[in-house]
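Going left to right, the sequence shown walks through residues 1 to 97 as our numbering numbers them.
Treat the hints loosely; a few may be bogus.
[To be verified] So the derived label-pair ranges between C-beta atoms look like this:
| hint | residue 1 | residue 2 | range |
| --- | --- | --- | --- |
| 1 | Y36 | D75 | 24 to 30 Å |
| 2 | N94 | V48 | 14 to 20 Å |
| 3 | I82 | G50 | 19 to 25 Å |
| 4 | E8 | K74 | 16 to 22 Å |
| 5 | N94 | Q24 | 27 to 33 Å |
| 6 | E2 | Q26 | 30 to 36 Å |
| 7 | D37 | F89 | 15 to 21 Å |
| 8 | E28 | F89 | 20 to 26 Å |
| 9 | E2 | Y47 | 20 to 26 Å |
| 10 | L72 | L51 | 24 to 30 Å |
It should be emphasised that the hints constitute simulated quantities derived from the structure, not laboratory data.
Where a beta carbon is used, it is the ideal one built from N, C-alpha and C, also for glycine.
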Amino acid sequence: MEKLILQEQDLINAVCLFHARFKQTQPELVEVELCYDDAAGYTAEAYVNGLMEEYQQPNFITAIRLYIDEQLGKDSMSARIILDIDDEFGMIANVEW
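Using the sequences and the hints, build the whole thing.
Pasting the structure below:
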């Protein structure tokens, strides 16, 4: 079984690419804040031109899957993705195939 850990910057990049695609803008223009809340779980907030859009966990995972497919060249649909908080690295995604 192959394992991969996506660091916090990878998760930010994933949301930047995902949000930019749907807002038809450049990923460099997207600002992202990763959040965790006991009630809401793992979320990401994406900002472009002062407008914020929140990605709940299912859409956040979809953004990560797109990143895995396009940036890492791996099949994300067969991957198990678990978000977690690491004391040293912040928010991470544990990916297993």
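Against the structure, the hints come out as follows:
1. Y36 / D75: 24 to 30 Å: Holds, since Y36 and D75 (Cβ atoms, about 27 Å apart) stay within the stated range.
2. N94 / V48: 14 to 20 Å: Violated: the Cβ-Cβ distance is about 29 Å, outside 14 to 20 Å.
3. I82 / G50: 19 to 25 Å: violated, 33 Å
4. E8 / K74: 16 to 22 Å: Holds, since E8 and K74 (Cβ atoms, about 19 Å apart) stay within the stated range.
5. N94 / Q24: 27 to 33 Å: Holds, since N94 and Q24 (Cβ atoms, about 32 Å apart) stay within the stated range.
6. E2 / Q26: 30 to 36 Å: holds, 32 Å
7. D37 / F89: 15 to 21 Å: holds, 19 Å
8. E28 / F89: 20 to 26 Å: holds, 23 Å
9. E2 / Y47: 20 to 26 Å: violated, 34 Å
10. L72 / L51: 24 to 30 Å: holds, 29 Å
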